[in-house]
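Chains as they are written, first to last, in numbering that gives the first Met the number 0: chain A, 0 to 123; chain B, 0 to 573.
Worth double-checking, as some hints may not be accurate.
Claimed, not checked - Distance condition first, Cα-Cα at most 20 Å in a straight line; then the derived SDA-like pairs of lysine to any residue:
hint, chain 1, residue 1, chain 2, residue 2
1, B, Lys472, A, Gln81
2, A, Lys39, B, Ala138
3, A, Lys39, B, Thr155
4, A, Lys51, B, Leu441
5, B, Lys24, A, Ile1
6, A, Lys51, B, Leu78
7, A, Lys51, B, Lys132
8, B, Lys24, A, Asn5
9, A, Lys51, B, Leu207
10, B, Lys132, A, Asn5
11, A, Lys51, B, Ala208
12, A, Lys23, B, Arg119
13, B, Lys368, B, Leu441
14, A, Lys51, B, Leu73
15, B, Lys132, B, Asp177
Said to hold, decoys possible - Label pairs and their calculated CB-CB ranges:
hint, chain 1, residue 1, chain 2, residue 2, range
16, B, Leu110, A, Val63, 26 to 34 Å
17, B, Pro270, A, Pro78, 28 to 36 Å
18, A, Glu37, B, Ile46, 27 to 35 Å
19, A, Leu74, B, Leu113, 38 to 46 Å
20, B, Leu110, A, Ala15, 55 to 63 Å
21, A, Glu37, B, Ala436, 37 to 45 Å
22, A, Glu46, B, Ser566, 55 to 63 Å
23, B, Asp98, A, Thr44, 35 to 43 Å
24, A, Ala75, B, Ser434, 34 to 42 Å
Everything labelled a hint here was simulated from the structure, so no lab data went into it. Just so it is clear, the structure is predicted and the values come from calculations on it, not from any experiment. Note that CB positions come from ideal geometry on N, CA and C, so glycine has one too.
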Amino acid sequence: MIRMLNIILFCTTLAALVGVYGLKYDVEDIASEKTALERKIDRQTGELSLLKADWSYLNQPAHVGPIVARHQEALALLPTSQEQFGRMDNLPMRPAAPDTAALDALLNSLDAGIDPIEQLIEAN
Amino acid sequence: MAILSVGAETISLDGGRKSRGNLTKARIRWVIAILAIVFAVVMGRLIQLGSVVTDSTIEGRERDVITATRPAILDRNGLELAVDIRVPSMFAEPRRIIDVDEATEAILTVLPTLNRDWLRKRLTGEKGFVWIKREMTPAQRDRIFALGIPGLDFVTESKRFYPSGKEASHIMGAVNIDNQGIAGIEKHMDNEDVALLQSLGLARGNELAPVDLSIDLRVQHIMYEQLLDSMTRYQAVASAAAMVDIRTGEIISMVSLPDFDPNNPSSAFEPVNGKKDQRFNRITSGIFELGSTFKTITIAGALDSGLVKMTDTFDARFGIRFGRFTIDDFHGKHRVLSLPEVYKYSSNIGTIRIMQQWGKDNFRDFLTKLGMDKRMPFELPEMRDPVVPTKWPEIVAATASFGHGLSVSPLHQLMAYAAFVNDGCLLPPTLYKRSEAQSKPLCTTIISPKTSAQIRYLMRLNALEGSGTRMNKAAAGYRAGGKTGTAEKVVNGAYSSGLNLNVFTSAFPLDNPRYALIVLVDEPKRENEQSGVTAGWNAGEVTGRIIARAAPLLGVGPDFSEMVDASIVPVELR
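Chain A with its partners taken away, still in its complex shape (with noise of 0.2 Å):
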């Protein structure tokens, strides 16, 4: 009885050994995995700053300003003036369409030989 005891706690003791230092070991490969990331990280948000910057730089107009200037026989950009904006409200009506089916009644009836004038005076 105290034998068997005996046996099984040697066993709970000799797994329990390996456990601990399993999980110790597993413990510290993902302690330096996580401080391998962010270093990572660390460094690549510092590369990621610095082509910010470089993106901000290159979209500066001080910076597009002479580019521009530079190739202007290319480009042929120049600075809006004032004549060339325009409001909606400047914009015209559009005008009223001829009425067509008039018209056409009209030439027809020329055609014909009807005198439409002649027609008035008939009228009155």
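Go by the hints and put chain B onto chain A.
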């Protein structure tokens, strides 16, 4: 033998094994007790260690301050004006350097600008940490690594980079090597929150929210380009300009030339044409006698008091005498002038009569109401107190009415004009974004809306018929108007007739004003044989060009109909 006798007590003796067994049991109990105590101690220590919170900051405060980050500064549309970039900084551990000479020579191949003797002295010794060069490029770092010298290492620092370069230099200011602001809005930000965060160690590595400024980078660029052009076109000594949104008091752009490169803060101390201390912000920390542009202020106050009316006339036939001095008009009409004519022809005599009809003490009180006795409340730390005399005899009041004998900063005058055209609400200027709703409570009423309408008419009249016609030609369609000022500069205690400070303060579009501008050109010369040197020819033209390019970006459309100008004329003059 009577050993075993009847009735005698039994003597029991333990055998050898048993007595050894008893002793062993006792010893076992002792061992167990001691082991239990040992394990209890170990357990207790484990629990104690388990409850300790580890300190995750790097050793010492020094590292925190070095890598402190600052928030990005954006303009009102989200374009970056200042960003942090991570750059490597090189340090050496002299106790690990094996051969100092070899290390020195190798480093000098990559960084030839370092002083050889200084570098050698740095690398010798037993110290553990010395800076060699801070804020290098990643390319330089890779080349140093390729050298393979032991004892050199890098630490990543945050460096402040200004993509806009010189364009917003006076606004941005600069930072020192430890990322602490030393000028401009950077210094202002430090005085507020960032310094507190950095001292608490919370700013390191944290994403600080970007700061939105009211500056519009496109308008800033336009203004900068035009002022640079004016420096060469008119061979001016200095130029400055600022634009404010009159409804909110936000500064849309502010330029002052000559300026410096914020990416290289020591350039702020370089002399200009042999003269030192020229690279200051002339809009906020320069005080000048602004000349005839001050007449708007005199007339606005006079009209608002009710003691002077738009229909009044003033005798400008003769110069006015004050003791020994006579004040006369420059190219004067020398006849009786109506108030609009006084403004249009910029008559000094007329303005003095207006001021006298109003009352010189009323005038002085009006200047106090406009905040011209003290600094403008503004975020930039570089401000100057204006010089407005408190003793106010007649002669001082008379010269002050047309802008001489008192010195204010251009920012004072810009905010006064902004208040005149926005129905009388004087706002404190700001570099941060601020909505109209937030600005309304900060109003100080200085004139009535009726007076404001009259001033708008006068400014537009000056653009159509007075000295602002050159400005109006360039800015046609944007209904801009303003006042010129050709102020003689004081040289060695006397007014010099050859050197002028030309100012043009304007606002647009005057039928529904939104922005006010001030442009200064210092000591301009003729552009060509046909042009003049008065303010309309230089400051006015620059204003016109700036408005012509910036107005569409700000959402102001051109309108050429005559009804617009007719609607600005006040009722009493129609």
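Each hint, compared with the structure:
| no. | hint | in the structure |
| --- | --- | --- |
| 1 | Lys472/B to Gln81/A | holds, 11 Å |
| 2 | Lys39/A to Ala138/B | holds, 19 Å |
| 3 | Lys39/A to Thr155/B | holds, 13 Å |
| 4 | Lys51/A to Leu441/B | violated, 37 Å |
| 5 | Lys24/B to Ile1/A | holds, 17 Å |
| 6 | Lys51/A to Leu78/B | holds, 11 Å |
| 7 | Lys51/A to Lys132/B | violated, 24 Å |
| 8 | Lys24/B to Asn5/A | holds, 18 Å |
| 9 | Lys51/A to Leu207/B | holds, 16 Å |
| 10 | Lys132/B to Asn5/A | violated, 67 Å |
| 11 | Lys51/A to Ala208/B | holds, 16 Å |
| 12 | Lys23/A to Arg119/B | violated, 47 Å |
| 13 | Lys368/B to Leu441/B | holds, 14 Å |
| 14 | Lys51/A to Leu73/B | holds, 13 Å |
| 15 | Lys132/B to Asp177/B | holds, 13 Å |
| 16 | Leu110/B to Val63/A: 26 to 34 Å | holds, 33 Å |
| 17 | Pro270/B to Pro78/A: 28 to 36 Å | holds, 35 Å |
| 18 | Glu37/A to Ile46/B: 27 to 35 Å | holds, 29 Å |
| 19 | Leu74/A to Leu113/B: 38 to 46 Å | holds, 44 Å |
| 20 | Leu110/B to Ala15/A: 55 to 63 Å | holds, 58 Å |
| 21 | Glu37/A to Ala436/B: 37 to 45 Å | holds, 44 Å |
| 22 | Glu46/A to Ser566/B: 55 to 63 Å | holds, 58 Å |
| 23 | Asp98/B to Thr44/A: 35 to 43 Å | holds, 36 Å |
| 24 | Ala75/A to Ser434/B: 34 to 42 Å | holds, 40 Å |
Hint compliance for this structure: hints 4, 7, 10 and 12 are not met, and every other hint is.
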